[in-house]
Structures are given as structure tokens and as C-alpha cells.
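Asks: Take a look at the letters that make up each chain.
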Amino acid sequence: MRFFLALLIFFGILAAQKPKKESVSACDDPLIKLAQTKGIKAVPLKDIRRFNKLLKACERQGGKEEIKQLYHEDWQRDYNSARRMASWTSTHAMCVFVSFGYYFAGRILATTPSS
Amino acid sequence: MKSQIHVLILSILLLGGSFVPAQPKLSIDLGIGFYEPTLSGFDENETVQFPTKGIFNRNLLLNWGIYYEFFSNARIGYNSFTSYELGKDILLLNSEAIFRRSINYRLFPIETFFRWRPKIELNFTLAPIWGRGRIELDTTPGDKTEDWNFFLNSFGGSEDPVKDMGATDVMRSDWYGYTGMLGFRYYISSRLALDLKGGFINNSYKEKKWRVQRQSVTGPKMKIDDLPIFSFKVVYGLR
Numbered sequence: 001m002r003f004f005l006a007l008l009i010f011f012g013i014l015a016a017q018k019p020k021k022e023s024v025s026a027c028d029d030p031l032i033k034l035a036q037t038k039g040i041k042a043v044p045l046k047d048i049r050r051f052n053k054l055l056k057a058c059e060r061q062g063g064k065e066e067i068k069q070l071y072h073e074d075w076q077r078d079y080n081s082a083r084r085m086a087s088w089t090s091t092h093a094m095c096v097f098v099s100f101g102y103y104f105a106g107r108i109l110a111t112t113p114s115s
Numbered sequence: 001m002k003s004q005i006h007v008l009i010l011s012i013l014l015l016g017g018s019f020v021p022a023q024p025k026l027s028i029d030l031g032i033g034f035y036e037p038t039l040s041g042f043d044e045n046e047t048v049q050f051p052t053k054g055i056f057n058r059n060l061l062l063n064w065g066i067y068y069e070f071f072s073n074a075r076i077g078y079n080s081f082t083s084y085e086l087g088k089d090i091l092l093l094n095s096e097a098i099f100r101r102s103i104n105y106r107l108f109p110i111e112t113f114f115r116w117r118p119k120i121e122l123n124f125t126l127a128p129i130w131g132r133g134r135i136e137l138d139t140t141p142g143d144k145t146e147d148w149n150f151f152l153n154s155f156g157g158s159e160d161p162v163k164d165m166g167a168t169d170v171m172r173s174d175w176y177g178y179t180g181m182l183g184f185r186y187y188i189s190s191r192l193a194l195d196l197k198g199g200f201i202n203n204s205y206k207e208k209k210w211r212v213q214r215q216s217v218t219g220p221k222m223k224i225d226d227l228p229i230f231s232f233k234v235v236y237g238l239r
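Heads up: the sequence lines are chains H and G, in that order.
Each residue of the first sequence is one higher than the one before, starting from 1 at the first, in the working numbering.
Each residue of the second sequence is one higher than the one before, starting from 1 at the first, in the working numbering.
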């Protein structure tokens with residue numbers, strides 16, 4: 001039995017293969033793809049460290065332009081979604097602006113009534 | 001049945017997971033506020049010697065908040081401005097007390113905004129306020145009632161209002177108010193931003209509406225209505 005086990009281990013070591021290293025580029029990582037499609041804010045907080053490492057790795061692997069584009073698109077995505085006030089938000093903003101103006105104009109122009 | 005529950009849990013997780021990237025943004029912020037109240041109940045009190053007024057215990061407010069972007073141009077959230085004051089060895093009738101005072105302005109803002117430039121945002125905030133004043137005294141046990149009455153009498157109102165004291169020696173007051181602010185936000189990165197706001201704060205505070213141990217008492221005179229307020233904070237987008 002002992003001999004059989006030793007033989008098994010011996011042939012196991014002999015026949016062992018080095019696992020094939022996956023040649024996946026950092027730029028093709030699902031996290032980078034997620035940031036490209038849904039924006040950097042879609043990357044979960046717990047993966048931010050890994051995401052930053054992936055960005056650096058991708059840059060080192062020649063994806064500098066790709067990363068630059070990722071940031072640019074993220075800015076543009078946010079900018080395009082919020083560059084104009086949609087629906088009721090402009091009315092709200094106007095209400096705030098008017099109350100703000102009314103308050104500060106009152107502070108400047110109001111006079112205390114004489115007793 | 002047990003396996004069906006597992007399938008249900010797994011399906012909920014998978015379905016929930018698929019919604020996650022599409023969720024609106026959630027952000028937290030931390031900063032300071034600045035305003036100029038007149039706390040004459042403390043500053044002009046001739047009976048009790050309160051800590052000397054200064055920027056830190058009068059004008060400076062600690063500010064934190066959490067916002068949820070529920071629309072492409074609007075956020076809703078909670079924001080808190082708190083003013084603290086701490087004094088040791090406050091000489092009362094029978095003891096040298098430790099005095100702690102906080103004024104907390106709890107805001108429930110609706111903030112609308114637009115991006116003027118890719119990195120610059122202008123925002124407009126309107127919020128109801130639920131304010132709370134809190135004064136805590138650590139007095140020598142046994143002489144609590146006398147000390148508290150001495151303290152409360154210094155603010156005026158009826159003479160010796162507290163008849164019986166238990167273990168809690170805190171007085172509180174709640175009030176409502178509103179605020180309007182205009183803000184400027186500069187995005188350092190798509191998650192991190194600096195936010196500067198200016199506006200006014202209006203509180204319906206009444207000194208007669210304090211309570212201690214469920215008994216109504218008169219608190220300090222404070223002028224906290226019609227005040228300009230400014231805030232500066234760092235905002236971090238979680239999602």
C-alpha cells in the first residue's frame with residue numbers, strides 16, 4: 001500500500017503540468033469594461049483598489065490612450081447628463097434663487113421701523 | 001422546499017445585482033459651516049459664568065451629510081450642522097459643573113444642480129430644518145435641583161421651575177426652520193469634489209420651549225433666525 005501511494009505521488013509529480021498562464025490583458029478586465037460602459041462610479045467601492053491597480057497595469061501594457069479615453073468619457077457622461085436642468089428642477093432652482101435674492105436684498109435694503 | 005428558498009435567494013441576488021450599476025449616485029460629505037448667531041443667554045449672563053465666546057464655540061459648525069441622486073439634476077438627503085461648546089468648572093450654587101451645549105441644525109434638503117462646465121457644478125438647495133438645542137450639566141449629586149434651578153433662573157422665566165430631579169440632567173429644545181443656499185462644486189475627480197455654499201438659515205426658536213425631565217423651562221435667549229450661513233465641504237461619491 002505504501003509502495004502504491006509513493007508510486008502515485010511520484011507519477012503525480014512527474015506528470016504534473018505547469019498551469020497555463022492566462023494571457024488576459026489588464027485592459028480587458030471586466031472592471032475596466034464596466035467603467036467604460038457604465039462609468040467609473042459603477043465600480044463597487046470594495047474593488048476600487050483593484051481598479052486603480054488595473055488602470056496602472058493597463059497603462060503599462062500600452063493602454064494609455066484607452067485609460068485617457070475612459071476618463072474623458074466619464075467626464076462627458078456626467079456633464080451631458082447634468083448640463084441642462086431637466087423637468088421641474090429649473091423651477092426649484094428659480095425658487096431657491098428668488099428666496100436667496102429676497103433674503104439678501106431684505107438684509108441690505110430693509111430699514112428698522114422707528115419707534 | 002429548502003432548495004426552492006435557495007433558488008429564490010439566488011434569483012433575488014442575481015436580479016438585484018443586475019440593478020446595481022444602474023443605481024443613481026450616492027454621496028457623503030464632510031466639512032465645516034460658518035454663521036454668526038447671537039447667544040445672549042450665554043454671553044450676557046451675569047449669574048453663570050459660561051466659557052468665553054470664540055469662533056469655535058459660536059461661529060463654526062461641523063457639517064456632514066449624505067445625498068442620494070434620485071434624478072439626473074436633483075438630489076435628496078440629510079445634512080447636519082452642529083455647533084458645540086464645552087465648559088469645565090462652571091460655578092453654580094453648590095458645585096463646579098461641567099457644561100456641554102450643542103445646537104444641531106438637521107436639514108432635509110432637496111438640491112437641484114447643473115454642470116456649468118465638465119468639472120464645475122452650480123447647485124440650489126432648499127431645505128426644511130429640524131433644529132435641536134441641548135444643554136447638559138454634570139453637577140454634584142444631591143445638589144442637582146438647586147443647581148439646575150440656579151442655572152435656569154439665570155435665563156429668566158418662572159422662579160425655581162424644577163421641583164424634582166432624576167438622573168438625567170439634560171435640557172432640550174426642538175424647533176423648525178428652513179434654509180436656502182446657492183452652491184458651487186468643483187469636481188477633482190468623478191467621485192471627489194469640493195463644495196462651497198452660501199445662503200440663509202431661518203429658525204423659529206423660542207426660549208420658552210425648553211424641557212428638562214419632561215418639565216417646561218425657559219432656556220437661553222438665542223437669536224438664530226435670519227442668519228447668513230456658509231459651508232465648505234468635501235464630497236465623495238460612493239456610487
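Calculated from the structure, these hints are not laboratory results.
Be aware that a few hints might be false.
Derived DSSO-like pairs: lysine-lysine, alpha-carbon spacing no greater than 27 Å straight-line [what the hints assert, rightly or not]:
| hint | chain 1 | residue 1 | chain 2 | residue 2 |
| --- | --- | --- | --- | --- |
| 1 | H | LYS46 | G | LYS25 |
| 2 | G | LYS25 | H | LYS53 |
| 3 | G | LYS119 | G | LYS163 |
| 4 | H | LYS68 | G | LYS119 |
| 5 | G | LYS208 | H | LYS56 |
| 6 | H | LYS64 | G | LYS119 |
| 7 | H | LYS38 | G | LYS163 |
Asks: Next, verify each hint and record whether it holds.
Replies: Tested hints:
Proposed proximity of LYS46/H and LYS25/G is supported: the alpha carbons are some 16 Å apart, at most 27 Å. Our distance criterion of 27 Å between C-alpha atoms is met by LYS25/G and LYS53/H, whose separation comes to about 23 Å. A threshold of 27 Å between alpha carbons decides the hint, and for LYS119/G with LYS163/G the separation of about 60 Å lies outside it, so the pair is violated. This hinted pair checks out: LYS68/H and LYS119/G have alpha carbons roughly 16 Å apart, not beyond 27 Å.
A distance of roughly 62 Å separates the Cα atoms of LYS208/G and LYS56/H; the hinted pair therefore is violated under the 27 Å criterion. At roughly 22 Å between alpha-carbon atoms, LYS64/H and LYS119/G fall within 27 Å of each other, so this suggested pair holds. Among the hinted pairs, LYS38/H with LYS163/G is inconsistent with the structure: their alpha-carbon atoms are about 64 Å apart, more than 27 Å.
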